[in-house]
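Colleague: Position chain B against the provided structure of chain A, taking the given hints into account.
Number of protein chains: 2
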Amino acid sequence: AQRLLAVLLLLQPAAAVWPRPQVQRSPPGGGRCLLPPARFRFGHAAGSAVGPGCTVLEAAFQRYRALLFAAGRPTGEAGGGAAGGAGALFLWGTHVEKETVCGFPAGLETFSQLVGRDQNGTYYINKTEIVDFPRFPHRGLLLDTSRHYLPLRAILETLDVMAYNKFNVFHWHIVDDPSFPYESSTFPELSKQGAFNAMSHVYTAGDVRTVVEHARLCGIRVIVEFDTPGHTLSWGPGAPGLLTPCYSGKHPSGTYGPINPILNSTYQFVTSLFQEVSSVFPDFFLHLGGDEVDFTCWKSNPEIHAFMKQMGFGEDYRKLESFYIQRLLDIVSSLGKGSILWQEVFDNGVKLRPDSIIHVWKSSKPYMDEMADVTKAGYQALLSTPWYLNRISYGQDWMAAYQVEPLKFEGSAKQKDLVIGGEACMWGEYVDVTNLTPRLWPRAGAVAERLWSNASVRSLQDAYVRLAAFRCQLLGRGVQAQPLYVGYCENEFGGF
Amino acid sequence: AQRLLAVLLLLQPAAAVWPRPQVQRSPPGGGRCLLPPARFRFGHAAGSAVGPGCTVLEAAFQRYRALLFAAGRPTGEAGGGAAGGAGALFLWGTHVEKETVCGFPAGLETFSQLVGRDQNGTYYINKTEIVDFPRFPHRGLLLDTSRHYLPLRAILETLDVMAYNKFNVFHWHIVDDPSFPYESSTFPELSKQGAFNAMSHVYTAGDVRTVVEHARLCGIRVIVEFDTPGHTLSWGPGAPGLLTPCYSGKHPSGTYGPINPILNSTYQFVTSLFQEVSSVFPDFFLHLGGDEVDFTCWKSNPEIHAFMKQMGFGEDYRKLESFYIQRLLDIVSSLGKGSILWQEVFDNGVKLRPDSIIHVWKSSKPYMDEMADVTKAGYQALLSTPWYLNRISYGQDWMAAYQVEPLKFEGSAKQKDLVIGGEACMWGEYVDVTNLTPRLWPRAGAVAERLWSNASVRSLQDAYVRLAAFRCQLLGRGVQAQPLYVGYCENEFGGF
Numbered sequence: 044a045q046r047l048l049a050v051l052l053l054l055q056p057a058a059a060v061w062p063r064p065q066v067q068r069s070p071p072g073g074g075r076c077l078l079p080p081a082r083f084r085f086g087h088a089a090g091s092a093v094g095p096g097c098t099v100l101e102a103a104f105q106r107y108r109a110l111l112f113a114a115g116r117p118t119g120e121a122g123g124g125a126a127g128g129a130g131a132l133f134l135w136g137t138h139v140e141k142e143t144v145c146g147f148p149a150g151l152e153t154f155s156q157l158v159g160r161d162q163n164g165t166y167y168i169n170k171t172e173i174v175d176f177p178r179f180p181h182r183g184l185l186l187d188t189s190r191h192y193l194p195l196r197a198i199l200e201t202l203d204v205m206a207y208n209k210f211n212v213f214h215w216h217i218v219d220d221p222s223f224p225y226e227s228s229t230f231p232e233l234s235k236q237g238a239f240n241a242m243s244h245v246y247t248a249g250d251v252r253t254v255v256e257h258a259r260l261c262g263i264r265v266i267v268e269f270d271t272p273g274h275t276l277s278w279g280p281g282a283p284g285l286l287t288p289c290y291s292g293k294h295p296s297g298t299y300g301p302i303n304p305i306l307n308s309t310y311q312f313v314t315s316l317f318q319e320v321s322s323v324f325p326d327f328f329l330h331l332g333g334d335e336v337d338f339t340c341w342k343s344n345p346e347i348h349a350f351m352k353q354m355g356f357g358e359d360y361r362k363l364e365s366f367y368i369q370r371l372l373d374i375v376s377s378l379g380k381g382s383i384l385w386q387e388v389f390d391n392g393v394k395l396r397p398d399s400i401i402h403v404w405k406s407s408k409p410y411m412d413e414m415a416d417v418t419k420a421g422y423q424a425l426l427s428t429p430w431y432l433n434r435i436s437y438g439q440d441w442m443a444a445y446q447v448e449p450l451k452f453e454g455s456a457k458q459k460d461l462v463i464g465g466e467a468c469m470w471g472e473y474v475d476v477t478n479l480t481p482r483l484w485p486r487a488g489a490v491a492e493r494l495w496s497n498a499s500v501r502s503l504q505d506a507y508v509r510l511a512a513f514r515c516q517l518l519g520r521g522v523q524a525q526p527l528y529v530g531y532c533e534n535e536f537g538g539f
Numbered sequence: 044a045q046r047l048l049a050v051l052l053l054l055q056p057a058a059a060v061w062p063r064p065q066v067q068r069s070p071p072g073g074g075r076c077l078l079p080p081a082r083f084r085f086g087h088a089a090g091s092a093v094g095p096g097c098t099v100l101e102a103a104f105q106r107y108r109a110l111l112f113a114a115g116r117p118t119g120e121a122g123g124g125a126a127g128g129a130g131a132l133f134l135w136g137t138h139v140e141k142e143t144v145c146g147f148p149a150g151l152e153t154f155s156q157l158v159g160r161d162q163n164g165t166y167y168i169n170k171t172e173i174v175d176f177p178r179f180p181h182r183g184l185l186l187d188t189s190r191h192y193l194p195l196r197a198i199l200e201t202l203d204v205m206a207y208n209k210f211n212v213f214h215w216h217i218v219d220d221p222s223f224p225y226e227s228s229t230f231p232e233l234s235k236q237g238a239f240n241a242m243s244h245v246y247t248a249g250d251v252r253t254v255v256e257h258a259r260l261c262g263i264r265v266i267v268e269f270d271t272p273g274h275t276l277s278w279g280p281g282a283p284g285l286l287t288p289c290y291s292g293k294h295p296s297g298t299y300g301p302i303n304p305i306l307n308s309t310y311q312f313v314t315s316l317f318q319e320v321s322s323v324f325p326d327f328f329l330h331l332g333g334d335e336v337d338f339t340c341w342k343s344n345p346e347i348h349a350f351m352k353q354m355g356f357g358e359d360y361r362k363l364e365s366f367y368i369q370r371l372l373d374i375v376s377s378l379g380k381g382s383i384l385w386q387e388v389f390d391n392g393v394k395l396r397p398d399s400i401i402h403v404w405k406s407s408k409p410y411m412d413e414m415a416d417v418t419k420a421g422y423q424a425l426l427s428t429p430w431y432l433n434r435i436s437y438g439q440d441w442m443a444a445y446q447v448e449p450l451k452f453e454g455s456a457k458q459k460d461l462v463i464g465g466e467a468c469m470w471g472e473y474v475d476v477t478n479l480t481p482r483l484w485p486r487a488g489a490v491a492e493r494l495w496s497n498a499s500v501r502s503l504q505d506a507y508v509r510l511a512a513f514r515c516q517l518l519g520r521g522v523q524a525q526p527l528y529v530g531y532c533e534n535e536f537g538g539f
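If you read the sequences in order, they're chains A and B.
Position one of the first sequence corresponds to residue 44 (my numbering), numbered consecutively onward.
Position one of the second sequence corresponds to residue 44 (my numbering), numbered consecutively onward.
Which copy? The list can't say, so a pair holds if one copy fits it or any two copies do.
Calculated cross-link-like contacts (lysine to aspartate or glutamate; reagent style DMTMM-like; alpha-carbon spacing at most 25 Å):
(1) 235 - 533
(2) 235 - 161
(3) 405 - 440
(4) 405 - 472
Hints were generated in silico from the structure; no laboratory data involved.
If we strip away everything but chain A, and leave its shape as in the complex, we get:
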């Protein structure tokens, strides 16, 4: 699960790096290199297995060149000590694997954080040795574009800042009860009827391509979630017959519940939709949701009753849920995709495929018990419960997120290996484009470091200093990241 970043910087920290590298030290004798913007360039080292023509790397060179020499960068202390000129940074990869290429942009990020600027405006980097790799392979951030629509540029900016934090998975909770902004080519009525506004509040096929490609160049996978069978109210108007009609006594009440699991037409619809989604979103995984299925409506419906009886489910609606999820899993599997599911699917005893990933989010039961149970059953686990960053509180609440230790549960080494990472979640009840960025950054950075850095990196004091400095760097890059506490950044009024 842990890949070596093929970046060794023979240079030394001007600033502290966020998230903290696995190994970072000054070589004996120290020393400082200057980086003259006019001459500095990125290049490929002789003998590197990665060379020109790698689009991810070429794009990263361009991005980081711009970030390194941006006007808003903080100026630090006056330069001192012997300084040599560093005209170039050469990258050297041992082998061309997907992970190696993904690692390069992360290495450039580290490099960029080490570059300082003295009071004369001269760019420099202190000689530093860094060996780095992530602790967990899945370091995700969830955005919810159903409770409030987020314009494309807010998503793209978030992807940029995710990359600065070495997050590598964008979990796009794209639709839910309140609105359906995904413009489907197979079922265009879904967004026409289900978006807040079918013209201005939708993601077109082009928008989705832009997000996926922007993410790819940042070393980020996009895992889209189409949550079913609950959380689908906005699907109803554009997909007649899909949702379960709720009954009041003997008559339909006019309201609707979860997707109707007893009709063949439901599975035809789901197959067609996920067929499209599977090709639009290239990642191997789809997030299938499965959380918070309310049985009330199913219980009220006489046709569901009859079906339950026919299937021998008795009064156990979890069996009906299981029936739906298992068919869904088969459909998704037949499309060549892997599945991630919210924990209820596991809790309710749904029979899962062995490669399913269970996403732990509930707080009704201690989340560490759930992590133990999920991994004991042999499933891979993702942690989110302590990282619901939409749940704000007064003060430095990043600290609670930071202090989480994802492997602190009773279990074997094999179980621990099944924890592939976690996700910071920014649900959208109270968040839209007006407050997303300051609410997310630098708080989500706490989760980023917990998932990237060594388990032994736990000092709040050390983290505070580095996170505060990193936040000033974010301001310099034009990101409206909020302060940790009292103070200021020298460069803080560049972009605002």
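Modeller: Positioned in the frame of chain A, the structure of chain B alone reads:
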């Protein structure tokens, strides 16, 4: 305390008004007037005691003309019913008093909120009768520019949005322990040594004039706070000898405490500083602070000991605090100014001038008991305890602020009359320019309506609908106000 706004709009609500007017009704028969932007103008009614040449009013005409016909305004339902053309809004004042003139911009705000735009882009206003006046005369908002520096434009924008909410007092907590951004002409070293950055993080004399004048044109008074004798650490470097040296055993420890109250030089300094401040800030009132005086440092200092003994204060350091505050009150009074003080000054039994205003903020004792005690002693009271909007919590926390009833304490009618209003406070520990606006708006609107509207206006449901609509109007005016809950505004991607 309550003044009639000399504005009667013979027109009717297209939208709900925030804060809710005292009386608002549709005249029999209803009807709608169109407002063609090319022809529409503001003017003075024949016989009005206010006429052309009133700068506040002319500025308000300009501002509201721009706001009325701004590109970002929401479009509403399609027009319908009989429509007449309204080419002008004429204002008519009964007499030229300060309050009348201040009332006009508030009336224009109400008018602007009533103007709708149909789907063809046509501006209209439904015929409405409004009688309006504020319930409390002091409707304040506190910003803290010491814990984080706020750039001038953030203050000016806040003043604009205050006016939209009919706030009329900007309480400028300009300096405190962390930094001293006020550039004093008498003591320039204070900001040179005490600002975060003496060049970029200061308010020059010109900046202050800009704030005061901008506020005046918005119908807002600026009450500046120079908090003493505590909360003055940032004053120390620029004013040698002002702060009390703390002792560790028999020797000075190198740290400093509150202002040193036993030296004549202290009172000379304070007199000169407040002389300057009194002329720079024209409002009759100064906020003198007086909160959270920590006696530890005073207790450690042998010279303070000797003074206490000489004065016969015994071990009662509240008497020393009282000694300082009374001299301060005399100084401020001799400068022709009135005083506002945080509640500790009252709680600690400092002898006050009868016209002092006590600002209630603590939660250690039920704030309504404090309101009762302050007014029973005959002092005017301002409420802030339940309106510390920096203290965020998850969910719709504006509701708690809204449900406060400032007069819900045991006391006589005379006591209730001494409650002149309250202030929403946005302390700066975790707030700077990156998150100020979404954290403040529309949450502070809850306080604005509580202080403006009739005591009977208490329905959360009604408030939710109006506040959500008002927030969409704020977006249309380019204000980054955060959402109340799930949903969207048609116009929300204008400015962001």
